[in-house]
Amino acid sequence: MRRRAGVGAIQKQKLEQEKYREKGSEIQENQFQQMSKQLEVFRENLEEFATKHKSEIKKNAQFRRQFQEMCAAIGVDPLASGKGFWSVLGIGDFYYELGVQIVEVCLATNYKNGGLITLEELRNRLIAARGKAKKHQDITNEDLLAAVKKLRIFGNGFSVVPIGKGKWLVQSVPGELNLDQTLVLQKASSLGTAWVSASILTDDLGWNETRAQNALNHMVKEGLAWVDTQETKETLYWFPSMFAECVSA
Amino acid sequence: MAEISWPWQYNFPPFFTIQPHSETRAKQLEAWEQLIIEYLKATKQSTIDIRESQNSPLFNNTSINRKLSQDAILTVLEDMGKTGKAAPIDKSKTIWEIYWHSLDEWGNMVYNYVCNNGLNNTVCTLFELREGENTVDEEFHGLDMNVLVKALKTLELKGKCELMEFDDSQGVKFF
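Chains as they are written, first to last, in this note's numbering: chain A, 1 to 249; chain B, 1 to 175.
These are computed hints drawn from the structure, not numbers from a lab. Errors might be hidden in some of the hints.
[Claimed, not checked] Looking from chain A toward chain B, a few residues come up when the C-beta cut is under 7 Å (computed):
hint, residue
1, Phe32
2, Phe42
3, Arg43
4, Phe67
5, Val220
6, Gly223
7, Val227
8, Gln230
9, Thr232
10, Glu245
11, Cys246
12, Ala249
The C-beta atom is built at its ideal place from N, Cα and C for all residues, glycine as well.
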């Protein structure tokens, strides 16, 4: 004879489910506690590491890069916040300071380069300016790029224009360069002449006359390029930011 | 050729073409003004003759084969004229006097010298002011005669001195 399910069985089943649930949440709680404990330990260690090596990070460029890479690998951006526990590291401060100095150099050289400066010149000038007070703080191109990226917060006033292998220009005037203008700068940089002409652009980049002229005219209008009409063949467009004597002046 | 340290722009070929973009041109003209003044100071000149200027190394950089055209020179000089740093002497604007200080400034400089040395109410010859032993350290020592006279005339207008003619030289009485 088949017994029908009684009330007792249902109640028993309910009780069991309840117990399972309790156990489940208990385990969950445990895991969570463990996790946060681990996180706490990790934070403490990282913090300890960073404070311990704070001056090392500031002074040693290679060490700084490795620290940055390590942070990037675990998804932490020490520059992301000036508050919270990262502020004790002073890593952000290093870059903020650098950022301010970059702005200063850009403004100081604007009168001659129209707001375009090679990363190389920028670095040399920064090192010269920081020189005496902080002998040991050698700055790498990576540091500069990281600092300039932070300056983007202020709008499109500061941007980095890649102009070929390991070379960058820092633009410190409002207004973004379009792709064609970036290509013009790349061309001038790769030729090493500090100038380009419409025919070079049409020959080497396969542009038509109008496209080349538009790009060049725009750069003159932005104050980035100077016009030279005394070459018999055609008009040349010069970039003071790449002209050796201007850079060293 | 005079020993002056040429600025970087002097070897920058487009420096010799007047720039179409206004901001860039302003920078260019300013650099030209400084260069012109420095060059004239070093060569002890005070006038520029536009017709002959193309032969001067100032406006003709043979090493990069660039020169500033006569029109361009006129543009630069006219810009200098706006701030009182240059003035044409003839009507066709071909010969210009360049003042590395404005006439007012020159006048004040002379007057300061006079006050500091207690020469008020005495008569000096212009020769004394320009070539005298006492003014060797003054910036106006050796200043072009025409410029000096013009500077003194600005003082005269302010009632600070009076120019007078002798038989063969000029003198000035300071008040």
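Discussion item. A closest beta-carbon separation below 7 Å is what the hint needs, so does A:Arg43 meet it against chain B?
Written reply: Not OK, violated: A:Arg43 not within 7 Å of chain B, min 51 Å.
Fill in: Hinted contact A:Val220 with chain B - closest CB pair below 7 Å
5 Å, holds
Item to complete: Have a go at the A:Phe67 hint: is there a Cβ in chain B nearer than 7 Å to its own Cβ?
Response: Violated: closest Cβ of chain B sits about 40 Å from A:Phe67, beyond 7 Å.
Practice prompt. Report holds or violated for the interface hint on A:Ala249, using the least CB-CB distance to chain B and a cut-off of 7 Å.
Written response: For A:Ala249, the interface hint holds, since the closest Cβ of chain B sits about 4 Å away, which is under 7 Å.
Worksheet item: Holds or violated: is the Cβ of A:Cys246 closer than 7 Å to a Cβ in chain B?
Response: 5 Å, holds
Discussion item. Hint A:Phe32 vs chain B: min CB-CB distance below 7 Å?
Written reply: A:Phe32 check fails; min Cβ-Cβ to chain B is 62 Å, beyond 7 Å.
Worksheet item: Taking the least C-beta to C-beta distance, is A:Thr232 closer than 7 Å to chain B?
Response: 10 Å, violated
Worksheet item: Hey, does the A:Gly223 contact hint survive, CB to chain B under 7 Å?
Response: 5 Å, holds
Item to complete: Go through the hint on A:Glu245 and say holds or violated, using the shortest Cβ distance to chain B against 7 Å.
Response: This interface hint holds because 4 Å falls under the 7 Å limit.
Fill in: A:Phe42 as chain B interface residue, shortest Cβ-Cβ below 7 Å
53 Å, violated
Discussion item. Given a cut of 7 Å on the nearest C-beta pair, is the interface hint for A:Val227 held or broken against chain B?
Written reply: 6 Å, holds
Discussion item. Hint A:Gln230 vs chain B: min CB-CB distance below 7 Å?
Written reply: 5 Å, holds
In the structure shown, a violation is registered for the earlier hints numbered 1, 2, 3, 4 and 9, in ascending order.
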